[in-house]
Each structure stands twice: as C-alpha cells, then as structure tokens.
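Asks: Taken in sequence, the protein lines are chains A and B.
The numbers in the first sequence follow the numbering used here, run straight up by one, and end at 1158.
The numbers in the second sequence follow the numbering used here, run straight up by one, and end at 1158.
Derived from the structure by calculation, the hints contain no laboratory data.
Heads up, a few of these hints could be off.
If chains are identical, the list can't say which one is meant, so a pair holds when it fits in one copy or spans any two.
[Stated by the list, open to error] Restricting the straight-line Cα-Cα distance to at most 30 Å, the calculated cross-link-like pairs of lysine-lysine (DSS-like) are:
#1 Lys972 <-> Lys1023
#2 Lys1021 <-> Lys761
#3 Lys761 <-> Lys972
#4 Lys1142 <-> Lys1021
#5 Lys1142 <-> Lys761
#6 Lys982 <-> Lys767
#7 Lys982 <-> Lys1021
#8 Lys1142 <-> Lys972
#9 Lys982 <-> Lys1142
#10 Lys979 <-> Lys767
#11 Lys1023 <-> Lys979
#12 Lys1021 <-> Lys972
#13 Lys1142 <-> Lys979
#14 Lys1023 <-> Lys982
#15 Lys767 <-> Lys972
#16 Lys767 <-> Lys1142
#17 Lys979 <-> Lys761
#18 Lys982 <-> Lys972
2 protein chains.
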Amino acid sequence: MEAEIYSKLLLTFGLVLLAAAIGGKIARFFKQPAVIGELLAGMIISPFALGGFINDPVILNFAVINGHFVEGGIAIPEFAPMQIIAEIAVIALLFIAGLETDVRAFIRNGVTGGLVAVGGVVLPLLFGYVAAMYFFPDIGTVGWLFVGAVLTATSIGITVRILMDMGRFNSRESIIILVAAVVDDIIGLVILSVVVSVAGSGEVNGLGIAVTALIGFAVWLALLAIGIFGHEFISKYILAPFKRSKTMPILALILTVLISYMVTLVDLHPVVGAYAAGLLFASTKEKEEIIEGARPVMLFLAPFFFAYLGMQVDLGSVWQVIVPVLVLLALAVIGKIIGCYIPARLVGRLSHNGGMIVGVGMVPRGEVGLIVASAGLLAGAISRDIFGIAVVVSILTVFFVPTMLKPLFARDAVLPAKPAKK
Amino acid sequence: MEAEIYSKLLLTFGLVLLAAAIGGKIARFFKQPAVIGELLAGMIISPFALGGFINDPVILNFAVINGHFVEGGIAIPEFAPMQIIAEIAVIALLFIAGLETDVRAFIRNGVTGGLVAVGGVVLPLLFGYVAAMYFFPDIGTVGWLFVGAVLTATSIGITVRILMDMGRFNSRESIIILVAAVVDDIIGLVILSVVVSVAGSGEVNGLGIAVTALIGFAVWLALLAIGIFGHEFISKYILAPFKRSKTMPILALILTVLISYMVTLVDLHPVVGAYAAGLLFASTKEKEEIIEGARPVMLFLAPFFFAYLGMQVDLGSVWQVIVPVLVLLALAVIGKIIGCYIPARLVGRLSHNGGMIVGVGMVPRGEVGLIVASAGLLAGAISRDIFGIAVVVSILTVFFVPTMLKPLFARDAVLPAKPAKK
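All chains, full assembly: derive it from the sequences and hints.
Replies: As structure tokens, this is what we get:
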C-alpha cells in the first residue's frame, strides 16, 4: 500500500534525526563539534552498516547505492525524498551562515579569499591527477581529471558548522574561508564543466567555459550588490508586509529556497545561492528578527544533512582499498593546506597560525566532493569502485578539521593583537 | 541529469511555500483565517490550473494525477517527495496543537467528545450511502459504502489551524472538537477496515474489526497515560540531557515524528500520533520551552501542507459533476452538524450556540477524506470520476468552517457565563 511507503519514509526521517541528535550529544560530551558525532551516527545507521540489517528497501535504505545510480553510469529516474530534505537542510544552514556574516568584512577580504581559493584548487588538482595516474592507470586522462576535481572541492557547509560550533564564526580567518569557499564553488563549477565536456566530446570548449565562469561570478556579485544597495527596498516592500503576522523570517527562508534554485540555473551549487541570500538579508535592519525565527528551522534540519552525508560511506569496503584511500586523503589534506596557506600569508598578511587556520578550514570536501564524484560516475569517466573511494575520501577529510582547528584557535586566542571574542 | 530533478523539486517546494505565504497574507487582509488563503493558493498553482501550463513533470506537478495513481487502481511505485514534506508539516502542526492543549480539560470532555464523534459518523455515512445509491447506481454496495465513509472523516489539522487562527483554541467547544476528531479517526479506521475487507473478500470479519478498534484505542490511551503519569521521568531522563545544548525542542519534535510513525503500525493516521505526542509533552514542565523552539518549524512548514492539499483539487472538472458535488457537499455539512450537535447538547450540556460550534468545527474532511477516497480507488471500489468528486467534496467542506464559526464565536463572546479570553 502506498501509505506504507510514506510511513516508512517518516520513520527513516525520524531515525536519521534521532541518530544525529544522539551522535551530536555524544560528540559534545567529548568536547568535539556536534557535526562529527552526526557524521559518525550517519555512518553507523547507513545502509552499509546497521541500516543494511533492516533489509527493507525504504527504511534507512535510500542512499546512493539503492537503485539511485546503477552500474554503467545510467541514472534510474527515482527521486529520493531524503535527498531533497537534506538539500533543504543545508540551504537553511547556509542561509543562517550568510545572515550571521559581517558583510563589510566579507567584501574587504574578497581578494585574499579569491586567491586562497585558487591556491586551494591548483595543488589538490595536480596531486589528485598524479595519484590517480599511479593507482588507476586504466581510466585515462578524463578519469584522472575527475579524481583531481573531487579533491579540489570545498564544502562550505561543514566548515561553517564547525566554525559556528567553535564560536569563531566572525574572525578574519573565518571570513577569508567563507569567501574562498564561495569562489571555490565557482572554480569547481568551471573544472566540472571542463571535465564533463572532455568526457563527452573529448574536446575542450574554451569560450563556453569562460562564459560559464563569468555567469557564475556575475550572478553571485549581483546577489551581493542587491543586498548592499537594495536592503532598504527589501525591508520596506518585501519584508515589512509580513512583519505583523510574524511570518517575515519564514518569507526570508522561502525566498532563500527560490534563490538557491535560481543559482542552479547557472550550474552553481544551491548552497552558494543560500549563502548569498543570507548575505542579502544580513544588510537589512530585520536581520536579528529573521535569525531568531529561522534558526530553529536550521537547528531542526541541519543535523539531518550531516547524518545523511555520513550514510553515504561504505566503511566495510574501505578496507579493500585502504592504500589509495589513505594516499588520496593525505594529498587532499596537504594539498589544500599548502595551497591555501601561501596566499593567506603572502596576500592576506595573516600570521603563521592564521594561515594554518585558513588552510585547515578549507580542507573538508563533504557533499561537494560527492557531487563531482557523482557527475564523474554518471559521465562514465570513473568506475563504481573509484566512485566509492572518492566518496570515502571526501567525507573523511571532514574529520581532520575540528581536531586540527581547535589547537590553532586556542593558540590564536592567546595572542594580544586579536579582537576580543564576542 | 539527476541534479536537475532535485533543483526542480527545490523550486517546487519554494513556489508552494511562496504561494501559501502570499495566499495567507491576502486572506488575513480580508480578515479570514490564513488557511483559507493557503488552500486557494494551492488550487491556483495546482497542476490542474497554473501548474499545468508549466508543462514539466516535476515543477508544480507532483499531485495525485501525475502517475501517482493510474487508471484501474494500480499504484505506481514512485515516491512524491512533496508528499512526505507535507506529512512532516502536518505532524509539526498537530504536535504544537497537542502541546497547547489543556490536558485536564481534554480528559474531562472525553465522554462528550466520544459521543460527538459517533454522532458525526452515523449521519454522514447514512447520507453518503443513500446519495451514492442515487447518483452512482452501478458501483454497488461497496462503492456506496466508500462514498459514505469519505463523508464520515474529520480533519483535525484544519480545525486546529482555524481555531488557532481565531485565538479560540482552549475553549470548551474546541476541546470537545479535538477529542471528537481523535475518536473520529479511530472510528474512521474501523469503517475503512470494514469497507476494504468487504471490497476484498465480500465478507465482514467482525472479530478482526473489533480487534483493530481496540488496538487503536489502547495505543492512544497508552500515549496519553505515559504523558500524565510519566512526565517527570520524561523531563528528567529524556529531555534534560538535551537542555543545555538547546536542542531539547528539536528532540521532542524528533520523538514526535517517531511516535507518528509508530501509530501507523496500528493503522492510525500519523497526525493522531503527532497530536498524542504533543499531549505527552504538554504535561512536562519543559512545555513552554518546547513550544518556543518548535513553533518556528511549524510556522515554516504548515502552510505548505494546506497549499499542497489545495493542489489536489481539479476545479476545471468540477463543473461537469456539479450536481453530485453540491448534493454530497450539502449532505456532508448538514449530516456532520446535526450528528455532532445532538450529543454535544444532550450529553455535553452545551448551549445551542456551543453545540453549533462543535458541529461546524467537525465539518472539514480535508486530508482524511482524501485518504479514504484513495483507499477506495486502490481497492477498485470507486472509479476515477467518483474519486475526483470525493476529493473535491472533502476539500470544499473546509471553506464552510471559518465562515460559519466566526459569527458563532462572536455571539458566544457576548454571553456572560463564558470564561474570559486569554
């Protein structure tokens, strides 16, 4: 019966949320960011672990493996309701992140952030390409490029959450990381366009790629400009009519969902749109009221996203490919840190410690790595095995961040020149 | 590309929310409950109206007609992500309703509420059966029974929302309506079991039906009892550990989702579980804190549910069957009002005005009517045409309620014996 499927989806939604809540709680007990506990909880209940024992096609079994993708790279036209909920969840998270960002500081650090993004792309792409040549000689240039591209991505969602959890969200390092993560997404989009077009036609369309990049930047800058120059208009004509009925924060959330969709039309990731929407409302005088009303929605949904991400990891099969996983993981971490550290110090004039914070903050690949890997699988450029490796590496990068960031921030707090914590 | 489908689902989610927000806003401007505007907005953007012009299988086109059910009553195994979001939305609404209910008053009015429910079932069932015999002589006893059963349902979600919108949520009449709506769901479940088993085997299994009813009541009473006798335990061992991290309201919401699933195992509607979960937490001393944290989630999602409901109505095809629609609609309204009014006055000793409030409050069928009609379609007992009529009648009943309740409550407020409004 149809109704039974919906009940099972409801159960799955509830179980993932519950696992995330418990995982987050345990992580906090051990003085770790909640996001780590949520990811681990997801790994434990994943269809590759506990979920597999339930032996039901719906309950805790909606991950990528179950018919969503099939061997050979042909997608089955089946929607995963949990995927769309996860997407709404990460949109709510990035929206709050945008709202809580200091917009002036964001713009002031634009150049440094942009160069950090470029540095953080070049090295991992090179490292990934070479390592893939060594481990998977059969897959050819396009496959190697995909593996490299997976390593270039930066997950803004995870870094944001960790910085929030640590209460260091508006430090200068954090702002640079946020700018860089946004620019990184646009660069990632360009790289993805290149590899997909190479995989398809074997040729690179230089003009087309330049146009893609330009449109991505233009849309993003336009959203930022609307917020800065149009915030009085937004307050007066869009938000004010919804103020009395207390649905104003909800309206802002709704517009964020629509903006997140709109940026996908120029192939940006929806979370980049969500972050831009947050920045847009951050300039309005209703900012605090919006945060207050929208934060509970984010607190409810965001843990779902991280647990859902953890559910994609097949821990059992990792052991069979442990050597490439570890090597790629090391290259992903080292490449990103060095690539970001250099521009952060040279251009941003950060201290050694500050440069390290930026480098480490850029390490997590998370969902963005998954997206690139999925595109590679769909294009037939990488096999199911390599896809699995890419997924595991993407998610394992996340675990490094809080462990490494903590001592760096602690040392940072001792220095006298820094502005006081809120 | 897969990613495109998710983007389109995101757009749909955003558009439905936006339409609901604007519809609610317009309704409030005309001093009507927001829910009416949300339903109308849903009708306007439905795939049968504006949504149809978009000509895309995903954007605004996820309603029942699009492959979700096919001719002949065989369900296509395709999940509608919007359906599961709508379900989570109405769960959040009923959870808040439970939390805001005066538990003692709820229990004190148990007998009256129960008898109101019975009265509100008997007359509409009889009226629906007879009218179906007249209009659709071909479909036979089982079909007539299904049409009658559609008319017996009561949608607790809609009544709750209208009472909330009117600020009359904890009046005695409202409490009786809530009790009756819960009992009604259990009676509805019994009737549904009867008609489905008759449709399947042609026989009625009396013992099986009695067991179904008993289990339904037992689960419900057990949840109520856990709240009343176990609230200190719940506060101390379940809620307290999540208090410091401010995730306690979220945890309560998560447990509500799980309880909503659990009641579906005994074939109750998930919203009945959500309401019971709300009552369960209403006895704890953390009640206010939970309401504060969970209400924004409800405010964000609930309008989605009502707009989604409106999207099921095919206004265009209503004109072709306007006579049976109007007759069934009149019988649904009159049958419910008389059937509920009599026990409310005789047993509950309410005034004429109070009895009318209870009767009118029980009128909306909404989603519950849709569920019964869908079951009839799936069982092959009613045709697609009659299904369409049942859907339209179910949803049109909703529009009567605020229009009729308003003058009744206004007259009520003048009487001196009533307790003062909050």
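Asks: All hints are to be evaluated individually against the structure, with a verdict given for each.
Replies: Cross-check of the supplied hints:
| no. | hint | in the structure |
| --- | --- | --- |
| 1 | Lys972 <-> Lys1023 | within (13 Å within a copy, 36 Å between copies) |
| 2 | Lys1021 <-> Lys761 | between (34 Å within a copy, 22 Å between copies) |
| 3 | Lys761 <-> Lys972 | between (41 Å within a copy, 16 Å between copies) |
| 4 | Lys1142 <-> Lys1021 | neither (34 Å within a copy, 37 Å between copies) |
| 5 | Lys1142 <-> Lys761 | within (18 Å within a copy, 47 Å between copies) |
| 6 | Lys982 <-> Lys767 | between (36 Å within a copy, 16 Å between copies) |
| 7 | Lys982 <-> Lys1021 | both (15 Å within a copy, 26 Å between copies) |
| 8 | Lys1142 <-> Lys972 | neither (42 Å within a copy, 32 Å between copies) |
| 9 | Lys982 <-> Lys1142 | between (39 Å within a copy, 22 Å between copies) |
| 10 | Lys979 <-> Lys767 | between (39 Å within a copy, 16 Å between copies) |
| 11 | Lys1023 <-> Lys979 | both (12 Å within a copy, 26 Å between copies) |
| 12 | Lys1021 <-> Lys972 | within (10 Å within a copy, 40 Å between copies) |
| 13 | Lys1142 <-> Lys979 | between (40 Å within a copy, 25 Å between copies) |
| 14 | Lys1023 <-> Lys982 | both (14 Å within a copy, 21 Å between copies) |
| 15 | Lys767 <-> Lys972 | between (44 Å within a copy, 23 Å between copies) |
| 16 | Lys767 <-> Lys1142 | within (10 Å within a copy, 54 Å between copies) |
| 17 | Lys979 <-> Lys761 | between (35 Å within a copy, 11 Å between copies) |
| 18 | Lys982 <-> Lys972 | within (15 Å within a copy, 33 Å between copies) |
The structure fails hints 4, 8 (numbered hints given earlier, in ascending order).
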